[in-house]
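Just so we're aligned, residue 279 is where the sequence shown starts under our numbering, counting upward by one.
Note that these hints are calculated values from the structure, not bench results. Because the structure is a prediction, the values reported are computed rather than measured.
Computed Cβ-Cβ distance ranges for the label pairs, DEER-style:
#	residue 1	residue 2	range
1	Arg297	Asp690	28 to 34 Å
2	Glu308	Thr609	28 to 34 Å
3	Met279	His515	56 to 62 Å
Note that the Cβ used here is the ideal one computed from N, Cα and C, for glycine as well.
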Amino acid sequence: MTAEAIRTRTRALEGAGLRTFGIDDPIVWERTAGAHVWDADGTAYLEMNGGFAAATVGFCHPRVTAAIVAQAGTMTHCPSAAPSPVRADFYERLIGIAPAPLTRVIPAITGSQATEIAVALARAVTGRREVIAFGGGYVGRSPGSVAYAGKPAYRAPLGVPAGAQFLPYPDPYRSPWALGADPGEAVLALLDQYLDDAGSGLEAPACILLEPVQGNGGAVVPDDAFLRGLRERCDRHGVLLVLDEIQCGFGRTGRMWACDHANVVPDLMTVGKGIGGGLAVSAVLGREETTSAWSPDAVSSTFLTNALGFAAGIAAIDVLVEEDLPARAATLGARALERLRAGLADVPHVGDVRGRGLLLGVELVEDRATLEPARARTATAVRRMRDRGVIVGHSGRLMNVVKLSPPLVTEDGDWDRVIDDLIDVIAHETEGGAP
Numbered sequence: 279m280t281a282e283a284i285r286t287r288t289r290a291l292e293g294a295g296l297r298t299f300g301i302d303d304p305i306v307w308e309r310t311a312g313a314h315v316w317d318a319d320g321t322a323y324l325e326m327n328g329g330f331a332a333a334t335v336g337f338c339h340p341r342v343t344a345a346i347v348a349q350a351g352t353m354t355h356c357p358s359a360a361p362s363p364v365r366a367d368f369y370e371r372l373i374g375i376a377p378a379p380l381t382r383v384i385p386a387i388t389g390s391q392a393t394e395i396a397v398a399l400a401r402a403v404t405g406r407r408e409v410i411a412f413g414g415g416y417v418g419r420s421p422g423s424v425a426y427a428g429k430p431a432y433r434a435p436l437g438v439p440a441g442a443q444f445l446p447y448p449d450p451y452r453s454p455w456a457l458g459a460d461p462g463e464a465v466l467a468l469l470d471q472y473l474d475d476a477g478s479g480l481e482a483p484a485c486i487l488l489e490p491v492q493g494n495g496g497a498v499v500p501d502d503a504f505l506r507g508l509r510e511r512c513d514r515h516g517v518l519l520v521l522d523e524i525q526c527g528f529g530r531t532g533r534m535w536a537c538d539h540a541n542v543v544p545d546l547m548t549v550g551k552g553i554g555g556g557l558a559v560s561a562v563l564g565r566e567e568t569t570s571a572w573s574p575d576a577v578s579s580t581f582l583t584n585a586l587g588f589a590a591g592i593a594a595i596d597v598l599v600e601e602d603l604p605a606r607a608a609t610l611g612a613r614a615l616e617r618l619r620a621g622l623a624d625v626p627h628v629g630d631v632r633g634r635g636l637l638l639g640v641e642l643v644e645d646r647a648t649l650e651p652a653r654a655r656t657a658t659a660v661r662r663m664r665d666r667g668v669i670v671g672h673s674g675r676l677m678n679v680v681k682l683s684p685p686l687v688t689e690d691g692d693w694d695r696v697i698d699d700l701i702d703v704i705a706h707e708t709e710g711g712a713p
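Work the whole structure out from these sequences, hints included.
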């Protein structure tokens, strides 16, 4: 059956609201392997968006597939009220790569659910309600997590009001509100005003929630000193630091966790996406004293401890560690940043080239002086890359960033080809409106 026939069947039955038909002709995925996707018409693509950064160890990694098949012949569903060997194995693997002293796991299914659990736990531990989050942040799209999202556009369709006090994220490129000061220092000064001034209007917060590197916000990397400053203030005020490593963690930024670059350990850390090796697995990691606030049955869901997902997760962690994929991400990412910056330095509509490891972004602007976002150019670049057989992400708080979050197993030759194509497309094929 052709791709268009499958799109027609899907369009006729699917309810509104999903992202499926954000464009008229979405790629119809039929088969995946490594960093490759084949559509229903047999067209091959390099998938450099990594299935929204979830294919960390690649699509259908043979070891992950073998683990799923083996577990499927033994047990798939095991309710969360019953321990199982595969559950204990997964916990041990996950804690084995977690920053010390995060020694406890609360399982979840999706990243959104992990966010909900982490915030609820922070409130239970502190006895407080307030949450501080950040502009441009992406911490999930469920009704229970989107309240902490840094874009009102995510909340509006669901009728969910803001559930946090928002601070600007210290974007080294786009922070006009800092008035020329260091963005990280400016945010920390504003946070001090919130926390120290009895007349600030802010209740004492339960937690500060953020991504150490913003993913959907456009691969934004704050200065490491900023995270260290947050850690110090959380300690001083009895606030829990909750880091969302769902997209930027698990080796993607060139270290096991993005917070490792700053030598900062949070009180709670959410993980997901690549952790499941392609299946829906997430978790909240925490210190023992932080995760002891609840009595049994405070957190429950029928498929909360699915054995099949845990088996895939064990295999994915083993692949990441044994193949040293964080180091590979660091090497490939550094090489790509150097080439992109050199190749796009003289392109007037390129505002910033940034990232860490294999979480990279190219921000397009209409004018380097005004920083007017070039949304149409960005959409055109994404489409032109697709025409060349490469899938890239379209992100950024202003939707003007071409994002790369590929599988960490992407072959060197394929990666070099992607960078060549991206430089050429952005430099020469982004004139005119969106496709």
